[in-house]
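Assemble the whole structure, with the sequences as input and the hints as a guide.
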Amino acid sequence: MRDFILKRVAAIILPFICIYGFYVILHGHVSPGGSFAGGIIVGLSFIAYSTIYGIEKGRVKLPEKVLTWTESYGTLWYGIMGMVGIVKGAPFLANKLAGVDLGAPGALSSGGLISLIGLGVGIRVASTMVTLFFTMMEEES
Amino acid sequence: MRIRNLLFLLLALLAAYGMLIVAAELPPYGMPANPIHNQVAERYVNKALDDTGVLNMVTAIVLDYRAYDTMFETIVLFTATLAVVITLKSRKREGEQ
Amino acid sequence: MIASITANLPVFVVIAPLFVAFVLPTFARRMRLVEGLVIFVETLGLVGAGYLASIVLRQKGIPIIYQLGGWPAPWGIELEAGSLGVFFLLVIAGVSLPVSLFAKGNLTEEVGSKERVARFYVLYLLLGGALAGMAVTNDLFNVFVLVEVATLSCCGLVSARNHPRAAEAAFTYLIMATLGSTLVLGGIGFLYMVTGHLNMGFASQELGRIWQDYPHVVWMAVSFILVGFGVKSAIFPLHVWLPDAHSTAPSPASAILSGLAVKGYLICLLKFLYSVFGPELMQKFAVHRILALVGAVAIIAGSVLALTQEELKRRLAYSTVAQVGYIILGFGLVNTKGLTGTLFYLASHAVIKSTLFLAAGAMLAATGKKNVRELAGVGRKMPITMAAFTVGSLGLIGIPLFSGFIGKWYLLLGSLEAGNILSVAVIIAGSVLCAAYLLPVIRGAYFEPGPEEDWKDPGLPQKIALILLVAAIVILGVVPGPFLELAKRAAAELLALQ
Amino acid sequence: MKVLLEKLLVNYPYVAAVILFMIGALTVLTRSNLFKKLLGINIMESAIFLMFVAGGNIRGGAAPILGEVNPKSVYINPLPSALMLTGIVVSVSVTAFALALIVRLYKSYGTTDARRISQLRDEVTER
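Chains as they are written, first to last, in numbering that gives the first Met the number 0: chain H, 0 to 140; chain C, 0 to 96; chain L, 0 to 497; chain U, 0 to 126.
Keep in mind the hints are simulated off the structure, nothing from the lab.
Some chain H residues near chain U, calculated using beta-carbon distances under 8 Å:
{"no.": "1", "residue": "Ser30"}
{"no.": "2", "residue": "Gly105"}
{"no.": "3", "residue": "Met135"}
Each computed DSSO-like pair below joins lysine-lysine, with the alpha-carbon atoms no more than 27 Å apart:
{"no.": "4", "chain 1": "L", "residue 1": "Lys59", "chain 2": "L", "residue 2": "Lys487"}
{"no.": "5", "chain 1": "L", "residue 1": "Lys462", "chain 2": "L", "residue 2": "Lys113"}
{"no.": "6", "chain 1": "L", "residue 1": "Lys455", "chain 2": "L", "residue 2": "Lys113"}
{"no.": "7", "chain 1": "L", "residue 1": "Lys368", "chain 2": "L", "residue 2": "Lys462"}
{"no.": "8", "chain 1": "H", "residue 1": "Lys6", "chain 2": "H", "residue 2": "Lys60"}
{"no.": "9", "chain 1": "L", "residue 1": "Lys369", "chain 2": "L", "residue 2": "Lys462"}
{"no.": "10", "chain 1": "L", "residue 1": "Lys380", "chain 2": "L", "residue 2": "Lys369"}
{"no.": "11", "chain 1": "H", "residue 1": "Lys95", "chain 2": "C", "residue 2": "Lys46"}
{"no.": "12", "chain 1": "C", "residue 1": "Lys88", "chain 2": "L", "residue 2": "Lys113"}
{"no.": "13", "chain 1": "L", "residue 1": "Lys113", "chain 2": "L", "residue 2": "Lys368"}
{"no.": "14", "chain 1": "C", "residue 1": "Lys88", "chain 2": "U", "residue 2": "Lys106"}
{"no.": "15", "chain 1": "L", "residue 1": "Lys113", "chain 2": "H", "residue 2": "Lys60"}
{"no.": "16", "chain 1": "L", "residue 1": "Lys380", "chain 2": "L", "residue 2": "Lys455"}
{"no.": "17", "chain 1": "L", "residue 1": "Lys380", "chain 2": "L", "residue 2": "Lys462"}
{"no.": "18", "chain 1": "L", "residue 1": "Lys368", "chain 2": "L", "residue 2": "Lys455"}
{"no.": "19", "chain 1": "H", "residue 1": "Lys87", "chain 2": "C", "residue 2": "Lys46"}
{"no.": "20", "chain 1": "L", "residue 1": "Lys113", "chain 2": "U", "residue 2": "Lys106"}
{"no.": "21", "chain 1": "C", "residue 1": "Lys88", "chain 2": "H", "residue 2": "Lys60"}
{"no.": "22", "chain 1": "L", "residue 1": "Lys283", "chain 2": "L", "residue 2": "Lys487"}
{"no.": "23", "chain 1": "L", "residue 1": "Lys369", "chain 2": "L", "residue 2": "Lys455"}
{"no.": "24", "chain 1": "L", "residue 1": "Lys368", "chain 2": "L", "residue 2": "Lys380"}
{"no.": "25", "chain 1": "C", "residue 1": "Lys88", "chain 2": "H", "residue 2": "Lys64"}
{"no.": "26", "chain 1": "H", "residue 1": "Lys56", "chain 2": "U", "residue 2": "Lys106"}
{"no.": "27", "chain 1": "H", "residue 1": "Lys6", "chain 2": "H", "residue 2": "Lys56"}
{"no.": "28", "chain 1": "H", "residue 1": "Lys64", "chain 2": "L", "residue 2": "Lys113"}
{"no.": "29", "chain 1": "C", "residue 1": "Lys88", "chain 2": "U", "residue 2": "Lys35"}
{"no.": "30", "chain 1": "U", "residue 1": "Lys106", "chain 2": "U", "residue 2": "Lys35"}
{"no.": "31", "chain 1": "L", "residue 1": "Lys369", "chain 2": "L", "residue 2": "Lys113"}
{"no.": "32", "chain 1": "C", "residue 1": "Lys88", "chain 2": "H", "residue 2": "Lys56"}
Glycine included, C-beta positions come from ideal geometry on N, C-alpha and C.
Below, the structure is given as structure tokens:
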């Protein structure tokens, strides 16, 4: 797409969409929304970038290797957070029982491992959406 | 083909009738006394803040009480990505990389 | 350290293959490392399952309960490694280790480049993890999520073969299987709406108390779950996706799909029927009659359909439809002997069908011939492969000293105890039909002259895999000992829950 | 009959779920276009999600997030909502994979019609 207006508007809006996505991910435990919704918003900002500026430029922003790594280690991150419980002598995926500080209710840092897990899931969902989009688009061309 | 579709329609209407009877028999919609609002839901509503320290109870369930389900949910996404990639990336294209 | 590993073993057997699966895509090009890791983690799984089985046997069948996240039962998710769970864990580990050995260095032909092989292994491990999860889970919704992981990875394995027919088979499979899991989710929804519990034990208790208030709802839940798992495990009239999917997949994938994936769904169905609804409710709703009838029809129809197939892999796929019939028939005999038989038959069919599919795959790879008639004379040129095929066939027919016999024997005893003469006749007729569609293959391979071509046995890892599986068939048939003991305990536990 | 209708009137979300479910099932069974089959599956799943979420609702209840509403009102049951979050993600994954398979089939056969594809396949095997 070679539309000048579209490109300028996208250049202004897309960073904010991306940041808003991260906001939704990080505030999943104190407000509506959460890691899945936020992850999809982050993924969409990259998808919109690739549709407007062309798939090659999108690929430069997020190379295949980065996507593979976020895919794999984003999923592994969940498991590692689960192992915290086992290391502390509690069952798998324990949070309060593992002795993690739950913090003040309503604060961004509250919830112990929940916000950390949520961040991992969010990044993972974003990279999934982008990977699906790239794979299908490259097959079309 | 037309006859087969009509047959399916009849079958579906029959099944719909059965399911409507079931829908009528289910606990009345939106009543606080339904079996679904038992001690399980009560604990989630009343003690989520003490147990997990988060305000959003849905997040508390998704990422703490039933975190094991959510782990498999991310695995479903992971599986779907791999399946899509293995289906669409042909042999030739990858040989070129 | 050791203590914390053994204490968390029920969850480790599920997540160990998954963890390896997550990291595999990042070094997809280093083939030997990938293969080594897969075989390593499968071996670990076998060791873990064996240790759990020894604990459960020593505890006289008291299940190991594991509360995830430390949340007690009705609130959190609970894993239960009882006799049934460890029995199926042993089957999973015992079958998937030889299959991954068979796949070693053998997949590039059927799947493609190194990256594709690595992704194939990832899907394979994810399927293994999901099946292990099904074996130990004790939560209704968790079953649904695990079933979805298994479904998606099965369809991925089918479409891994780079061929339009594989994609078509995978699409049909995906649509049918998703239809099935939607129905399962609906059934779980009905159960949850009337009981308010997702834990199997609590839901079962609550259901026993309130089912009279909601007879239609419970009936609808039973039928949704029966049809849902019926589609997924290819019970006869719902089997239409199976022959295409299982015959077009790469050989190790066919082995694991026919041997294990179908069994995973059957184990879930067994858990729903016996641990949630309970034997008493099943008999009140006459579910056991339906199951016995459906099983009998499936045995006969599947065997007849298998007889008409020319292609070897398709014949084996239809044979799976018939053998699933035996297992469903066993679910319908609500007594200890019948359930023991059905569980043992499930295990022995898992081993036997993987052997048959792997041997058929090796023959296909060596000769390039798909049809039964073209495989004449292969027995003398590929002695080990054909010997494995022969042992597998004899086991499937139910010759004494092979594992299939014990399962069928207990099924017969169970049918006699239930006074079900029809199923006795069907079990024997099924064996005869099974001989009719498998023995011609063996006769052709050994006693008919073949073309003068240079067909060879596969490489060393493949031979070891086949020998391991054959050893498992013979050992299960000659000294079933602890394995039969586990099956008996599991059957008793399932029946005592009422 | 009258009792049935009265009860159905109370349980109207479940009736909507039944209707949606049947629309989806008929679409899957009678349409030969692969996209429509996929859409039918999605509609069926939505029906089940609707049933779950409606089951967890309480009339006049508040969304299960603390500190946002007046404390007098009751909170609805958060468990079905959490379960359906998982269900939706599963449905998204299935849709993505099915779309990929449709793209693959379209590249091989040049059509998205199931009947046409099976015809083409038979022609290929006959040759």
